[in-house]
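Listed in order, the protein sequences are those of chains W and U. Each step along the first sequence adds one to the number in the working numbering, with nothing skipped, and position 274 is 274. Each step along the second sequence adds one to the number in the working numbering, with nothing skipped, and position 234 is 234.
Treat the hints with caution; some may be incorrect.
Stated by the list, open to error - Listed below are the simulated EDC-like cross-link pairs for lysine to aspartate or glutamate, each with C-alpha atoms no more than 20 Å apart in a straight line: (1) W:LYS496 to W:GLU534; (2) W:LYS503 to U:ASP129; (3) W:LYS503 to U:GLU98; (4) W:LYS123 to W:ASP387; (5) U:LYS178 to W:GLU302; (6) W:LYS496 to U:GLU98; (7) W:LYS12 to W:GLU136; (8) W:LYS12 to W:ASP134; (9) W:LYS190 to W:ASP161.
These are calculated hints, taken from the structure and not from any lab test.
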Amino acid sequence: MKPEDLASLADKQRAINAACKHRIGVCTESGCVSSQSDQIAAKFNELVKSRGLQKDVRVVGVGCMGLCGNGPMVKIDDGAPMYQNVTPEHCAAILDGLDSPLGNPQLRHLLCDLNQPFFRRQKLVVRSNSGLIDPEDINDCIAHGAYESLLKVLTELSPTDVINQITLSGLRGRGGAGFPTGLKWSTVAKAGGPSKFVICNGDEGDPGAFMDRSVMEGDPHRVIEGMAIAAYAVGADHGVIYVRAEYPLAVKRLTRAINQAMRHELLGNSLFGTRFNFNIEIRLGAGAFVCGEETALIASVEGNRGVPRPRPPYPANSGLYGCPTLINNVETYATIAPIIREGAAWFAAIGTAKSKGTKIFALTGAVQNTGLIEVPMGISLRDIVFDLGGGVPAGRTFKAIQTGGPSGGCICGQNLDIPLDYESLAAIGSIMGSGGMIVMDDTSNMVDVARFFMEFCMSESCGKCVPCRVGTWQIHHLLDRIYKGHGAPEDLVLLKELCEMVKATSLCGLGQSAPNPVLSTLRNFESDYLALIEKGRADREAALSGPHDSGTTVPLEVIS
Amino acid sequence: MNGGKHATAESITLTIDQNAISCRNGLSVLEAAREHGIDIPTLCWLEGLTLWGGCRLCMVEIEGSPRLFAACATQCTEGMVIHTQSPRLHRYRRTIVEMLLAERNHVCSVCVSNGHCELQAMAQRLGVDHVHLPYRFPRLSVDNSHDFFRLDHNRCILCTRCVRVCAEIEGAHTKDVKGRGIQAAIIHDLDQPWVESQTCTSCGKCVNVCPTGALTHRGTAIGEMIKKHEFLPYLKLMREVHQ
Ligand SMILES: Cc1cc2nc3c(=O)[nH]c(=O)nc-3n(C[C@H](O)[C@H](O)[C@H](O)COP(=O)(O)O)c2cc1C
Ligand code: SF4
Ligand code: SF4
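Pulled out of the complex, with its shape left as it was, chain U reads as follows (with noise of 0.2 Å):
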């Protein structure tokens, strides 16, 4: 499930959304969607990183189970009836995503990420117009120590895409997760400021992958940060080949 890397060449059917579709045995149901042009939400799954099931944006129900399933964590197999839009489902991720908005500090007017910003896309693509929850309105900083990069916490949703990106791709493992539930934060090394790490490459992988206003280029103004994240699967593609 980690891009195709456990598919095999024998092929299964499957229906997603009253569409019936043939794809490798081996994929999840959110790459299998993929491939056919239907875009299941998601936040933290990236192609080219490793699993993490943590936005939960992916759920979807698939018949015979009363349960709802993380479709980036659910392997298809033969015959499996998927529905990835339903009024429950939308609902689950309208709350999803207001949870994201109300626990930190998400002004888009002043972000350097505005227009091009993952957690703002899903907002606009979900119909989330107001929050109906409580804000939270913590008081986090930011770490501006970096000569090229900024960590800003109250942009942060938690994806651990820059963890992974940093240990799995980078191989520095300088980024991770401290503390635990809702005070929960992404370190370097240990619990420094990111100048001081003696791991980084400085190599900006973390930034292009991050999906909001949290790791930015600094200098940028508001609305010029873009990303870049497709260079990952060749990345991945290419070491694959040359291993």
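For reference, chain W alone in the conformation it holds in the complex (with noise of 0.2 Å):
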């Protein structure tokens, strides 16, 4: 594709979109699909067609709105009005509804607030597209602004440029560690090799988190975007996009949008006329949470057993068959394109000090409103659980949240107003992680909590070092011992000392940050072991002082 093809492409398709009145958009990512939103979307094509309205209304699959929770959802045009819970028995009336801009009164009790806190208060940057443009037809895409900032690159910019702008912009790694991406380009556009590459962290496997997954489906341009600029910045020419076997949507809407964009020339050789070729391949992984950690999922790509080395020497030096290479996460490359189409002092100027730009989390559990949130970093949890999130259920009180998955912590009522950012949830004992959110009431026991967590990470060690190995089954059967009330005061002090011991000796993140989990909550939560403990005692106190004859026994423990 020539430079100028761009801008007449998408002025064309602005056209086409332009000339139909409504535009149905139906979300059809994988959330919304488990509620078969696709029949939703077949119920309208053929209402479309049987009423004859094909030439004013276009009905399209488009990428999550966010409120999964009530999904399906549908919205009407560029926004308004939107319905949630649609079922395909609503669809007719949608239709009848669809002149009127506050929609078919007759269905008020399926319209959506968009004034609420929950869609007011976000902040869309990765996902401004999402639930906009259609993600399986790259011309929606580039009516929509696709492809513009790697243009731009191409044409305008140096690499050393581009990497400034990263730079400046005060972007943070989304993975979960927060490394400033512009020094991590830089790393590895300064490390020579005949070759390098650039590789998307699309593994996403933490419990409960599905941004990455939601970006993929809901606007895979954005990620091929974001890769091309990163490839052109750091000198490399071949990409690979990880993603788990787990998610065929999001694998399914990416080939398609590599092939897409390949025969627009997008990808390829000699893109825009200039002399930089870039290829992106995808490879799948089998679910291993171990294989999101960066030296694993090289071994993986590789085609070795997804297992964690040593580091240094880091990717960045020695990564992908020795070569340098680039590994970031997918909302971090989805964040590319609009820094560099806005600019970096734009970025900067939203967020903290140390933490710039947007999150997305993934907000579940006990709040009204679940689903994908994406929020300036700096909000207050309070606000996050109690404004966007609708508070906990009535008649129940807050009790935790858990951000980070089995890597992070439980935050207690305390430290609700602390804002959030990578150091300060760091200082309380959790981490910012990819961005899973829990919410707990007050019927959540977080022994129960903590040991759920723990059976994950001793079920995903990869096993190739000790603590990890024998470590987390070791604290995965005291809390399990203590949840079911074998337990003694003594092994609080014997749980505290593995914790501490697994956290400082494994390889790996995965074991360095297993015991974060049970340390925050024997930390917040200390109250929760006690009472099991005491009830543990006090039945076998009973137990034993009832009548013998009855046939009562002691519990014994057993190990299995």
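Taking the hints as your guide, dock the two standalone chains into a single complex.
And the structure:
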């Protein structure tokens, strides 16, 4: 494609879009598809045909609109009105109300209030086009600005300029650790070698997290564009997207997007007539959490067992096949195009002193509104839970919020007012992580929560190093014992000792952070542990003092 | 860091346990310490094999960082100040050995490697006279199918020395690891009985590098199994010379 073709293609598609009076956007991401949104789209198409509205109404499958808990969602035109909890039976009525800007009054109960804090308080940077564009149609994406940033980068900026922009923006990696992206890019750019790679980490193995899936399904071209810009900046010509095989829809959309981009010559050789070549291939992971760790991921792409190795050397110097390799998270790449388009200063103005921009979270658990939110860094957890989330369900009280999945911690009510950024979360024993956020109310027992996450780490440990392989088993065993009422007060001492040791001696981030859920619940909710231990003791005493001939036995612990 | 492979002639100075030492640039902390008679404990590292970094016994403290570093995987740098002994390190090392003893079924009194076992020696060296962690007592099998050798999963500590020697030195890559986490186990080819392996050359190198009684010669009685792995660095050196 020639540089001028992009704008004319965009204009052409915009004219096509404008010629159509109404656009019905049906969410076709995994969440809504699982509640039959594909049938809704089919029903709309059928009705449009039978009523002869093909010229005026277009039905498009779009990406996530955020409020996944109320899916399937349907959006009319560019945003309003929006209907929630739609079923195929509602389609006819929705069509009837197309011309009224407030929607069909008979469907008032399905109308989604776009003025509620859940939408008002979000700031869409990565997800700005999600729910608007048809992710399966590259022309529609181009009409909404896709590949403009790549064009600008290739025709106006040098690789150093690009890296400077990213550094100035203050962007930090969204994969969990928050490493400064500009610094990583410049390290790879400086590394020598005949060839270099860029890898997109779409493994997303944390339980409950689906931010990256949503970005890949809802706006795949943005990820591709970000990778191409990164490749230009660091001097790579080959990209790999590593996606877990459990995300078939993301794989399908990405594959389609790559093929369309190749056909439009937005991937391949001599992009926009420059000397820059870039190709992308997709690699499927078999769904191991540890394969999200960068060195394990690289081993997996190379066809080896997905096991981490000691760093240094870091992938930036010696990664895929020993070549310098840039590895970033899906969301990190998806943030690049907006930064190039709007400028580093614009991005740096969002967020806090050390954490810039916005972050997507998967808000789940005991809140009214569950789904995906993109919020500016620095927002307080209280605002997320009680404003965006709408608070815990009536009649229950807030107990804790868990961030960072199996590597994170449980935050108690007293810390709800801290600003959400990398440092503040680390200071209270949790982490930003990739963006899982589970709200818990008074019905949750924290020992059970800790046991759940430890079970996850135990079964996802790769087994390479002793502290993680055996330590997670030992910690899980202790938690299980305490939860079942067989614990003793000394167990808490041993528990802390083991957690400290596993954290300090494990090889990779999985083992080093696996104790976080236990340590944070021990610190903030020790009473849950003590209550279970005390209850177990009382039960045993009662059993002992009961009449012996009744056949009561003392519960004995069996080690499995 | 593989048997000094990357070491250069240039020399650097550093401090290990209050001893000022000089060594060739490119050595790992573990190698530099050994050259100067400081024996940092390890069970997975073996001279002549590639780095693994799995047992975590060689963790050391380096001044200027609150983190611990695996000595086998940390390259020496000029002026580094390293402590290989401290109450904290000692506690962690003991826990690692206890974890290994509790993980599978290590019954020394009936083991052919009794008295010649690196795990047993490590436990003695670190003063592990009892295990304060719950034992797992897993039900594991013994592969007794090979004509000369035996693999007893009950004694395996998953150090992967056998896997590495088989792939890197013998070039057969018969052995590998299957499964994840606590379920991980050594396998032959596609998880077949050893005797059915099409790739095993019956060279016996794996038996000789195995630190415990997991890989042994058949027909040995309690305490009779003595292993020799001095051949390794020698073999490796000869190959490098020939290349
Ligand atoms: C156990 C473990 C799992 C991880 N899983 C993921 C993941 O699913 N996705 C991801 O982007 N990063 C994951 N990471 C972090 C990566 O190692 C790496 O830091 C990240 O992809 C770098 O990208 P960023 O700089 O854009 O954050 C994981 C790390 C560990 C230790
Ligand atoms: S910490 Fe766990 S996952 Fe990481 S290398 Fe060690 S055993 Fe494997
Ligand atoms: S069989 Fe021996 S050498 Fe192989 S992993 Fe087990 S303990 Fe190590």
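Measure nothing beyond the straight line between the CA atoms of W:LYS496 and W:GLU534; if it is 20 Å or shorter, mark the hint as holding.
Holds. W:LYS496 to W:GLU534 sits at ~19 Å (cutoff 20 Å).
Agreement of W:LYS496 and U:GLU98 with the hint, judged by alpha carbon distance not exceeding 20 Å
Holds, at about 16 Å.
Given the proposed pairing of W:LYS503 with U:ASP129, does the C-alpha separation stay at or below 20 Å?
violated (25 Å)
Given the hinted pair W:LYS123 and W:ASP387, is their alpha-carbon gap at most 20 Å?
holds (14 Å)
Can you confirm whether the C-alpha distance between W:LYS12 and W:ASP134 stays at or below 20 Å?
Holds - the C-alpha atoms of W:ASP134 and W:LYS12 are around 16 Å apart, at most 20 Å.
Within 20 Å, alpha carbon to alpha carbon, are U:LYS178 and W:GLU302?
holds (17 Å)
What's the verdict on W:LYS190 and W:ASP161, does the C-alpha distance respect the 20 Å limit or exceed it?
It holds: about 14 Å lies between the C-alpha atoms, which stays within 20 Å.
Hint consistency between W:LYS503 and U:GLU98 [alpha-carbon to alpha-carbon, up to 20 Å]
Holds, because 17 Å separates the two Cα atoms, which is no more than 20 Å.
Against the 20 Å threshold, does the CA-CA distance of W:LYS12 and W:GLU136 hold or violate the hint?
holds (18 Å)
Violated hint: 2 only; the structure is consistent with all others.
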